[in-house]
Amino acid sequence: MNIQVPLILSAAISQSRCAVLWALCLVATATLAADELPLPDDVQTFADGRKPVEQLYDSYLSLQQAGWVLDVVAQSQPEGRDFALPIIALRTPNKGDAVWILSGIHGEETAGPNAIAESTASLIELGKHKAVVVLPLNNPHGYANNWRYLNMAVYSADVEGQSVGDSSHLLIDPENPGAPRAVAASSPEAAAITAYILETGKTYPPKVSLDLHEDNLIDQGYVYSQGKLGADDPLATLAVQVLSSNGITLKMDGVTRFDEPIKHGIIGPVIDGSIDELMSAASIWLDGQAVPGPNAQTVLVFETPAAAIPLAQRVQAHTALLQQLSEKISQD
Numbered sequence: 008m009n010i011q012v013p014l015i016l017s018a019a020i021s022q023s024r025c026a027v028l029w030a031l032c033l034v035a036t037a038t039l040a041a042d043e044l045p046l047p048d049d050v051q052t053f054a055d056g057r058k059p060v061e062q063l064y065d066s067y068l069s070l071q072q073a074g075w076v077l078d079v080v081a082q083s084q085p086e087g088r089d090f091a092l093p094i095i096a097l098r099t100p101n102k103g104d105a106v107w108i109l110s111g112i113h114g115e116e117t118a119g120p121n122a123i124a125e126s127t128a129s130l131i132e133l134g135k136h137k138a139v140v141v142l143p144l145n146n147p148h149g150y151a152n153n154w155r156y157l158n159m160a161v162y163s164a165d166v167e168g169q170s171v172g173d174s175s176h177l178l179i180d181p182e183n184p185g186a187p188r189a190v191a192a193s194s195p196e197a198a199a200i201t202a203y204i205l206e207t208g209k210t211y212p213p214k215v216s217l218d219l220h221e222d223n224l225i226d227q228g229y230v231y232s233q234g235k236l237g238a239d240d241p242l243a244t245l246a247v248q249v250l251s252s253n254g255i256t257l258k259m260d261g262v263t264r265f266d267e268p269i270k271h272g273i274i275g276p277v278i279d280g281s282i283d284e285l286m287s288a289a290s291i292w293l294d295g296q297a298v299p300g301p302n303a304q305t306v307l308v309f310e311t312p313a314a315a316i317p318l319a320q321r322v323q324a325h326t327a328l329l330q331q332l333s334e335k336i337s338q339d
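If you read the sequence shown in my numbering, its first letter stands for residue 8, the second for the next number, and so on.
Because the hints were derived from the structure by calculation, they are not lab data. These numbers were taken from a predicted model, which means no experiment stands behind them. Mixed in with the good hints there might be a few duds.
[As the list claims (entries may be wrong)] Okay, derived cross-link-like pairs now, SDA-like style, lysine to any residue, Cα gap no bigger than 25 Å in a straight line:
hint : residue 1 : residue 2
1    : Lys135    : Lys258
2    : Lys270    : Gln248
3    : Lys209    : Ala73
4    : Lys235    : Ala297
5    : Lys335    : Ala297
6    : Lys270    : Met259
7    : Lys209    : Pro299
8    : Lys235    : Gly208
9    : Lys102    : Glu206
10   : Lys209    : Asp180
11   : Lys135    : Pro100
12   : Lys135    : Pro301
13   : Lys258    : Thr244
14   : Lys335    : Leu236
15   : Lys58     : Gln71
16   : Lys135    : Asp180
17   : Lys102    : Glu43
18   : Lys235    : Glu206
Use the sequences and the hints to build the structure in full.
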């Protein structure tokens, strides 16, 4: 096993000695050979039709069997959990401008991780044409326990949940451009995932980022487009068509529940501190200074109405998204 702590990690969280110690105790990037992924026995997965955690990992590892590289980004063990579960990434051996695919940021949003498990053939085909990095299950304990965050089961407007996608420690404060929005990462998982993106992005610079999400509190879905073309991105328009044709009711105009304007089912760039904003950022704050960010051309986030539509149909829609967007991206 070749274990390597990314150099970018210590820089990303150097503003807080406590955060450094916390992260270094729990976070490392390991590039693993076949059959070396450490998993505990008998992981109990919330029973609502979602695939068991072990079955998800088995499906994802078919990419490694096709020649992709498996990285363990972190061993996640939130407070109160008896064991760690790995946050993994899989990447094509070919490098260069890359397609990044993420899911499972929020544990109760299950369609994305299940759709990636169903889409390995499409991803392998995409990897023949483009460099690809997939982080399929960013919050494995949240998925297994149906918890949205590391520290909270459900969304609250009053209490801050620790999302593994928190990126505020790297995003420049619009009110104070000489500082980040947070002095340190909100968790070792957030530190590790964002550090992995920056380090791996040196050889797999994000050109397209796709993030599969859901929302229990909406009954009509929509697509966020955080990249350079905003709401006019043709891949966002294609995503709206694919979701609609797969039975996902979309809100085509008006505003989101966060009062963000919707144009033809698409929301343009927003400031939300997310990993998607990080992917689109032209500049970030790192090691006490502003430096170039990932600056991906296309950054899409798909929000399907989780409470209003059965899981099987949502998985089908996310699977169709991955297939049809992969086919389109392969042609470009």
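Broken hints, by number
1, 5, 16
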